[in-house]
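Q: Sequence:
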Amino acid sequence: FLVKLKMKIKKVIILKINRKGFSLIEMMVALGILSLIIIGLVTFFSGGTRAWVTGQYQLEAQRNARLAMDRMAREIREGKEVKSGSNVAVTVSIPEFKTDTGTILSYELTYSFSDSDNTIVRRKNLTTPNLLIDNVQSLTFTYFDSGGNSVSPENASKVHILLEVDVDKDDSPDITLNTDVNLRNYGL
1 FLVKLKMKIK
11 KVIILKINRK
21 GFSLIEMMVA
31 LGILSLIIIG
41 LVTFFSGGTR
51 AWVTGQYQLE
61 AQRNARLAMD
71 RMAREIREGK
81 EVKSGSNVAV
91 TVSIPEFKTD
101 TGTILSYELT
111 YSFSDSDNTI
121 VRRKNLTTPN
131 LLIDNVQSLT
141 FTYFDSGGNS
151 VSPENASKVH
161 ILLEVDVDKD
171 DSPDITLNTD
181 VNLRNYGL
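Last residue of the sequence shown: number 188 in the UniProt record's numbering, and the count goes up by one each step with no gaps.
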């Protein structure tokens, strides 16, 4: 009987000791492990968020570059002739056409690249320029005749456009687009 009583007392003592909870050291170790897990998760998710934001900027820049290139190509294609041009600018004469109301319209259209603020602007009849796209690293116009020979802008029947866009400002183009545009009704 005495042995059984001693064993019950030991069990009660052990249970009382275990009911005290965690020691300070155990709590610190658990807190340290939890902190490392949280830091790892925050690092992982913040890196993912940064990558997503960068991807969105890249996507928007590609969309804007395509829209700008499409607009330049479409409007230069409507041109009768290149009035003036250089490597970074072109002025095209858009021929007369009659609107539904009978009004006859013709105008000159200029696209130019500003190296100081890395933008391309569109100007109609030398009015106030409108921003077409920003973050442009370079815009190059090259002029060719119908035989594919490089000529002065005034003698061109084809304009080659090279557009390079740098989104992250690392002096390396992130987006490069180029196209050849034949002038409408050239030589007719």
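Read the hints as simulated data drawn from the structure, not as lab findings.
Owing to the predicted nature of the structure, the values given are computational and were not obtained by experimental measurement.
A few of these clues could be false.
[To be verified] Below, simulated DSS-like cross-link-like pairs (lysine-lysine); rule was C-alpha separation at most 27 angstroms, straight line: (1) 98 - 83; (2) 83 - 124; (3) 98 - 158; (4) 124 - 98; (5) 124 - 158; (6) 158 - 83; (7) 158 - 80.
Q: With reference to the structure, classify each hint as holding or not holding.
A: Checked hints:
1. Restraint check for residue 98 and residue 83: the C-alpha separation of about 22 angstroms stays at or below 27 angstroms, so the hint holds.
2. A distance of roughly 13 angstroms separates the Cα atoms of residue 83 and residue 124; the hinted pair therefore holds under the 27 angstroms criterion.
3. The suggested pairing of residue 98 with residue 158 holds, with an alpha-carbon distance near 26 angstroms, which does not exceed 27 angstroms.
4. For the hint pairing residue 124 with residue 98, the CA-to-CA distance comes to about 18 angstroms; that is within 27 angstroms, so the pair holds.
5. Straight-line distance between C-alpha atoms of residue 124 and residue 158 comes to about 21 angstroms, which keeps the hinted pair within the 27 angstroms bound.
6. Restraint check: the Cα-Cα separation between residue 158 and residue 83 comes to about 13 angstroms, which is no more than 27 angstroms; the hinted pair holds.
7. With a CA separation close to 11 angstroms, the supplied pair residue 158 and residue 80 stays within the 27 angstroms bound.
Of the numbered hints given earlier, the model fails none.
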